[in-house]
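Please arrange chain B on chain A, whose structure you already have, making use of the hints.
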Amino acid sequence: MAVRHRVCAACRQPDRCEQHHRGQRTPPVRHSKRAAMLPLPTVSGKLLRDAAIYLAATLVLGAAANVAPGRHLAWWGKGFEPPQVGSDFVFIDAGSADALRASLPRVVFLDTRAAADVAASRVPGALAIAYTDLARQLRRPLLERLRAADAVIIYGGSDEVDVEQLLAQELRRRGLAPPHVLVGGFAAWLAGGLPVESAR
Amino acid sequence: MIWLRNRWLHRALGLVLGAIFLYAAWSKLLDPRPLATIIWGYRLLPAGPINLVAIFMPWLELLVGLGLCTGFRRRGAALWASVLLSGFIVALFINAVRGVNVACGCFSTSADDVHDAWLLVVRDVPMLLAALVMLLAPPRSDDPRRV
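Here the protein sequences line up with chains A and B, keeping their order.
Residues in the first sequence are numbered from 9 upward in steps of one, following our numbering.
Residues in the second sequence are numbered from 141 upward in steps of one, following our numbering.
Looking at chain A on its own, in the form it has when it is part of the complex (with noise of 0.2 angstroms):
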């Protein structure tokens, strides 16, 4: 029958082994079945504060990032609105955009896919554009042309617009006209059998 005692300090068992005990007062016990478990530690003190610690840290690093200008969110809900039809950004087939292009001279087109992929093949004349990169691409001499142009068309890779309806967004908050989405993105315009470039 297992005795308990503290753990054992030098094989860490829950209770005093007969191997670093032998010969001590303690009556020498095998190790339990039990004791050769895993017993769940406490929740001690020291576990508590360095999770306090990390918390501390995320608070000071997010709050500070949070005031820098450029990547500022409003601290509570109101500061983000998805995006909506018509007030953010109209829907447009590949056809109208077609269309739209051999009609205007001034059509822009966004391409949000990876940038492999427009390499590959794109839109004549698209230009490459990460959402996740916006601040180092959304410079001066871009947005001039996109305000400038007579309609700006953003496409990704299928069906799935939601970055697409994100960067129109953004492009309306900068001062654009309500951009393009094209349905059905690139897919849609293949599948229309339209001209494709390639940068390769």
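Possibly wrong hints are sitting among the right ones.
What the hints assert, rightly or not - Derived list of chain B stretches under chain A, where covered just means 3 residues or more per stretch with a C-beta under 8 angstroms from a C-beta of chain A:
1. 172 to 178
2. 203 to 209
Stated by the list, open to error - Residues on chain A that point at chain B, a partial pick, calculated with CB under 10 angstroms:
3. Lys54
4. Leu55
5. Ala59
6. Ala60
7. Tyr62
8. Val68
9. Gly70
10. Ala71
11. Ala73
12. Ala82
13. Pro90
14. Pro91
15. Asp170
These aren't lab readings, by the way, just hints derived from the structure by calculation.
Ideal Cβ positions, reconstructed from N, Cα and C, are used throughout, including at glycine.
Same frame as chain A, but now just chain B:
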């Protein structure tokens, strides 16, 4: 099961899980606004706290990743990793049950990054187990009950 207390096992788990957290934090740190969209897409939180989560969670992921990799207060980092991963799993599980394949926002803030929600749940479970090992079975020198 005593092998779970092996120091080298904890270092290896910390490095792997920490690297995953660092990678996950990177794109979210650059701009929290797309992350707010991702969190909104989960349809779990009311509008108010969504921004708070988007502002602070990437920094917690960064610090937890650094803590796990370096071993700095590793159990504290493992506690937060467990909390985060449990939250992710619950959120993904609810959307999997709903039949919604959300853009998880795990390693990118692209709303196009949509995966099968059940696969995402399965992917997160081993990471949670690793975090729990570091939290509940600390190596010998970290055991608070050491004599």
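Is the shortest C-beta separation between leucine 55 of chain A and chain B less than 10 angstroms? With a closest approach of 5 angstroms, the leucine 55 of chain A hint holds.
Within 8 angstroms of chain A (C-beta), three or more residues of the stretch 203 to 209 of chain B: Held - the stretch 203 to 209 of chain B has 3 residues with a Cβ nearer than 8 angstroms to chain A, which meets the minimum of three.
Please verify that hint: alanine 59 of chain A, Cβ, nearest Cβ of chain B, below 10 angstroms or not. 5 angstroms, holds
Interface hint check: proline 91 of chain A, Cβ to nearest Cβ on chain B, cutoff 10 angstroms. Holds or violated? 9 angstroms, holds
Restraint check, 10 angstroms cut-off on beta carbons, for alanine 71 of chain A near chain B: Holds, because the Cβ-Cβ distance from alanine 71 of chain A to chain B comes to roughly 8 angstroms (cut-off 10 angstroms).
Quick one, is the alanine 73 of chain A hint okay against chain B at 10 angstroms, beta carbons? 7 angstroms, holds
Is the interface hint satisfied for alanine 60 of chain A? The criterion is a beta-carbon contact with chain B at less than 10 angstroms. 8 angstroms, holds
Could you check if tyrosine 62 of chain A really has its C-beta closer than 10 angstroms to a C-beta on chain B? With a minimum Cβ separation of about 5 angstroms from chain B (threshold 10 angstroms), the hint on tyrosine 62 of chain A holds.
Verify the interface restraint on proline 90 of chain A: the C-beta must sit less than 10 angstroms from at least one C-beta of chain B. Since chain B brings a Cβ to about 7 angstroms from proline 90 of chain A, closer than 10 angstroms, the hint holds.
Cut-off 10 angstroms, beta-carbon criterion: hint that lysine 54 of chain A touches chain B: 6 angstroms, holds
Using C-beta distances, would you say chain A covers the stretch 172 to 178 of chain B, given that this needs three or more residues below 8 angstroms? holds (count 5)
Given a cut of 10 angstroms on the nearest C-beta pair, is the interface hint for aspartate 170 of chain A held or broken against chain B? Hint holds; aspartate 170 of chain A Cβ to chain B Cβ min 3 angstroms, cut 10 angstroms.
Violated hints are absent here; each numbered hint is respected by the structure.
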